[in-house]
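**Q** Chains A and B, in that order, are what the protein sequence lines are. Okay, so the first sequence: first residue is 1494 according to my numbering, each after it adds one. Okay, so the second sequence: first residue is 125 according to my numbering, each after it adds one.
Keep in mind that the hints were calculated from the coordinates and are not lab data. There's no promise every hint is true.
Here are the simulated lysine-lysine pairs, PhoX-like style, with alpha carbons at most 25 Å apart [to be verified]: (1) K1581/A <-> K1773/A; (2) K204/B <-> K137/B; (3) K1581/A <-> K232/B; (4) K1507/A <-> K1522/A; (5) K1710/A <-> K1507/A; (6) K1601/A <-> K137/B; (7) K232/B <-> K283/B; (8) K283/B <-> K1715/A; (9) K128/B <-> K328/B; (10) K383/B <-> K328/B; (11) K1549/A <-> K1739/A; (12) K1710/A <-> K283/B; (13) K144/B <-> K232/B; (14) K1773/A <-> K232/B; (15) K1705/A <-> K385/B; (16) K1525/A <-> K1497/A; (17) K1739/A <-> K1525/A; (18) K305/B <-> K1600/A; (19) K214/B <-> K179/B; (20) K1715/A <-> K328/B; (21) K321/B <-> K1715/A; (22) K1522/A <-> K1497/A; (23) K1705/A <-> K1715/A; (24) K214/B <-> K151/B; (25) K1497/A <-> K1507/A; (26) K128/B <-> K232/B; (27) K1705/A <-> K305/B; (28) K1739/A <-> K1715/A; (29) K368/B <-> K128/B; (30) K321/B <-> K128/B; (31) K1705/A <-> K1739/A; (32) K232/B <-> K1601/A; (33) K128/B <-> K144/B; (34) K153/B <-> K211/B; (35) K349/B <-> K1715/A; (36) K305/B <-> K321/B.
What follows is the residue order along each chain.
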Amino acid sequence: MPMKLLNEAEIGGKIYAGIVAELEELSQKTDKVPGLGMVVVGEDPASLASIRCKEKQCRKLGFYVDIRFLPATASQEDICATVRQLNKDSRVQGLFCQLPLPETLQKKNILAAVDPGKDVCGRHPINAGKLFSGNQGFLPCNVYSLMQVIDFAGQPIRGKTAVMISRRGVVSRPLALALLRRNASVTFCPVLTGNLPEICRTADILVAETEKPGLIKGNWIKPGAMVIDIGTTRNNRGKASGIVLKEVAEVASCIFTLPAGEDSPLAITMLIKNTLHAFKQTCGMQLQH
Amino acid sequence: MTAKIISGNEVAKEIRQELKGRVAELKEKGIVPGLGVVLVGEDPASISYVTSKAKGSQEIGMFEETIRLPADVPEEEVLKVIDGLNKDPKFSGILVQLPLPDHISVEKVIGYISPEKDVDGFHPVNVGKLLRGEPCPLPCTPHGVQQLLFRSGNDPAGKHVVVCGRSNIVGKPLAAILMQKAEGANAVVTVVHTGAKDISYYTKQADILIAAMGRPNAITADMVKEGTVVIDVGVNRIPDESRKSGFRLAGDVDFEAVKEKASFITPVPGGVGPMTVTMLLYNTVEAAIRLNEG
Ligand SMILES: NC(=O)c1ccc[n+]([C@@H]2O[C@H](COP(=O)([O-])OP(=O)(O)OC[C@H]3O[C@@H](n4cnc5c(N)ncnc54)[C@H](OP(=O)(O)O)[C@@H]3O)[C@@H](O)[C@H]2O)c1
């Protein structure tokens, strides 16, 4: 079987086209437009570049955009006050704080200040809770993007075995819950037990969120499996992968490598899609997945 | 091999004894843990659960009050009662007995409980924290299962645990608890459900097998490898003419046959059952300590 390297741009293009079509349809029913609020603290060049990119994409689609720039010295209270203003502003249905936040700040408190109904990056604990319980909420954008990738690969998820290799599970735990909801059986491997190779070989979908170089070898892979290489994305400054790509490519049917950071082009597309969901929800319209 | 029986009654007794000591110590500092239970309607099963929660609280020296509301109480009234409990310092823990009548939204009511006093661990914020591995009250039945394992000398660390069932009250939270980096956890965990083609493919991989399906005899001896630790969460009523009640209780595991292959096994009744209320008491004591510190 020839191995497929899944192409992010191709997947993103399809989803983007879907968004454009939905907006077109919506424009016949309402003259309101979706709105996205962004809060940026400090002047980290990567963050600013990412914000500009998001702004450009939103504007191209005719979204309303409200960006609040705060100095690196802003206090938690300043930031939360800005967030609360945007929470109340009915022109924005989606809202997020650009990461990373300066290290002196309590990130958790700031992320929890965002109205869960507007939390289009899926970072509020309530949205994690809703994902866990199977209720309607927002998926983190990179997790949402991985679900698109898996669907794009074309195999039904129901009845498959997914194995997640990850210590902390930042991306893979929510991804596992999303897969569980779609009726995959899921194995979580937070520890490197002796029979890890054996457990990996049960996987139809193997998700590696580890930076241990060369951990996952070719002979750990079930022939024809799909492999998702998350590496670790602890910050925006690059990442490491735990799979021996050359070997794994010989056995897997397809491999997808999640780009570093939280702001891959596909994740930004999913941010826009989540904002569109939020907009439709406030308009009281049926969600369409 | 014939399995050793893990007695939930004994483990529960041990934990309740510990809690009694802690409550006595807290009282010396002027802290009295208190549990507020909200019961809507008169479902006999709910009444019996609420009664055992009240009795358990009293036994360990805790304050307890059950607020009984009629089945046709408006949702708003229930929220008002919860608001009162949220604000009242006498209560460190609040619990709304489920199920609720259809006209009341469970999601809304649970979401209304102050997360600090949510001793069932069902508030969405606490559920989210559980998923992320942040400190939070652990849901009672899965926490009880973890304690049964740990205290019977079956530390799950590094073991492969297979959980059959993915409900929000047992299967999923149990998986979340056992995968954390914490004492008595740190396990490889597989979650299976009716979407699996053949669950025996998974159950045979288990060092520790948890049955939480609500299906009598769903786990048979051929599905279990020699030496597995088997925890049976299921509670099923089997019609039985010879009993006065007309039924007997059985778990999800074919106990007689599986006990010949397992290394440890829990009975039904007397296994997981007594642990749920015990861990509720534990959460209430912990909440009292946290509320007092912060
Ligand atoms: N204190 C206690 O002792 C205590 C506390 C709580 C519950 N329980 C008992 O534990 C059992 C489970 O409770 P629950 O609330 O979790 O039940 P539930 O909400 O009905 O969930 C049952 C789960 O088991 C799965 N399942 C059912 N039949 C299966 C099969 N043949 N193969 C594979 N998976 C199967 C279901 O899969 P799907 O998701 O695909 O439908 C579902 O995820 C019940 O017997 C309940 O009485 C005991």
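**Q** Provide an ascending list of the numbers of those earlier hints which the structure does not satisfy.
**A** Per hint list: 2, 5, 6, 7, 11, 13, 15, 16, 17, 22, 26, 29, 30, 33 and 36 violated.
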